[in-house]
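Undergrad: Sequence:
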Amino acid sequence: MLSALIKTMRIRQWTKNALVFFALVFDKQLFQPNALLRTAGGFILFCLLSSAVYIFNDLSDIEADRQHPNKKNRPLPSGKLPINLARAAGIFLVILVMPLGYLLSPFFAAVLLAYLLLMLAYSKWLKHIPILDVLIISAGFVLRVHAGVTLITIERFSPWLYVVTTLGALYLGFGKRRAELALLAGNANSHRRVLDGYTVPLLDQYILIVSSTTIVAYSLYTFSAPNLPANHSMMLTIPFVLYGVFRYLYLVQSKHAGGAPEEVLLSDRPLQVTILLWGLAILGVFYL
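Residue numbers (the numbering used here): 243 to 530.
Hint data in this document are derived by calculation from the structure and do not stem from the laboratory. Any given hint could turn out to be false.
[Unchecked claim] Computed beta-carbon distance windows for the label pairs:
(1) Arg329 with Pro512: 39 to 45 Å
(2) Phe334 with Ala472: 48 to 54 Å
(3) Glu397 with Leu345: 20 to 26 Å
(4) Ser466 with Leu519: 19 to 25 Å
(5) Phe334 with Gln309: 27 to 33 Å
(6) Ala424 with Ile286: 32 to 38 Å
(7) Lys322 with Glu397: 44 to 50 Å
(8) Leu522 with Leu374: 34 to 40 Å
(9) Lys366 with Leu522: 40 to 46 Å
(10) Leu359 with Pro443: 33 to 39 Å
(11) Met477 with Ala424: 32 to 38 Å
(12) Pro348 with Arg489: 39 to 45 Å
Each residue gets a CB set at the ideal place from its N, CA and C atoms; glycine is no exception.
All chains, please: the whole structure from these sequences, using the hints.
TA: Rendered as C-alpha cells:
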C-alpha cells in the first residue's frame, strides 16, 4: 500500500515545482544562503501539496480512469490503493503543509491555499470545460513562480517571466490534450469529457499560436528585463528555447508523446540536454 500511495503522489511530477526557484535564480539571489534555504523549503512544501492535489484528482477521476487504456493501471482505479487511505493521506498532507507554509511566509501560505482551491475546483468542475481547463493548468504554473517570489525579498524580478510561464504552460497543456486525443481516438470523450470539445486541427492551431508567442515573449524578456547585462548576452539563451519548443512539438506530432509532459522530460535525452545547457547559460549570464 505504501508503494501504491507513493506512486499516486506522482513524485515524478515534482519537476514542475522547480518553477518555485525561478525568482531565486532570475533575481540573482541563488548564492544567498537565507534565500536559498527559504526557497528550498517552499519547494518541498509545494511538492507535498501538489501530491495531495494529485490524490484528490485521482479520487475524482477513478471511474473514468478505469476505462482508460493506461490510467486503469494506476493504484486507485486498479484497486491497489484503498480509497479511504488515499483520502486520508491527501487530507494529512494538506494539514501538514498549510501551517508550515504560514510559518515560512503568510504570503506563501496564501499562494498555497489559492493553488489548492484552484486545483480542487479544476478536479471537480473546471477540467470539463474546453480551453478553460488548459488555462487553469497554466495558472497553476504561474502560482508556482509567484510562490517563489513570496519567499524572498525581490529586487528586480521581471514580470516578463510570468508571461513566458503562462505561454509555456499553455503550450504544454495543449500538447498534452493533442496527445490524449490521438491516443484515445474515437473513444476520447468517454475517458475525458473535455476532449469532446477539441479536435486535432484545432489543437494544432492553438499550439502554433502559443509556441510562437512563447518564443517572442522570451526573446523580448532577454533584452528588456531590468536586471540583465547591458551587453544583451541573455539573448544567447534564445536558441535553447527555440530547440526545446521545436523538440517537444516533434515528440507530440511525430512520436505521439506528450500525454504526460513530465515523462517526456524525464525520458527524452535531447530535451534534457537542452534544458541543462539553457540552465548553465542562465547561470553564466547572471552570475559570471
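Undergrad: Give a verdict on every hint.
TA: Each hint tested on the structure:
no.	hint	result
1	Arg329 with Pro512: 39 to 45 Å	holds (40 Å)
2	Phe334 with Ala472: 48 to 54 Å	holds (51 Å)
3	Glu397 with Leu345: 20 to 26 Å	holds (24 Å)
4	Ser466 with Leu519: 19 to 25 Å	holds (23 Å)
5	Phe334 with Gln309: 27 to 33 Å	holds (29 Å)
6	Ala424 with Ile286: 32 to 38 Å	holds (36 Å)
7	Lys322 with Glu397: 44 to 50 Å	holds (49 Å)
8	Leu522 with Leu374: 34 to 40 Å	holds (37 Å)
9	Lys366 with Leu522: 40 to 46 Å	holds (41 Å)
10	Leu359 with Pro443: 33 to 39 Å	holds (35 Å)
11	Met477 with Ala424: 32 to 38 Å	holds (35 Å)
12	Pro348 with Arg489: 39 to 45 Å	holds (40 Å)
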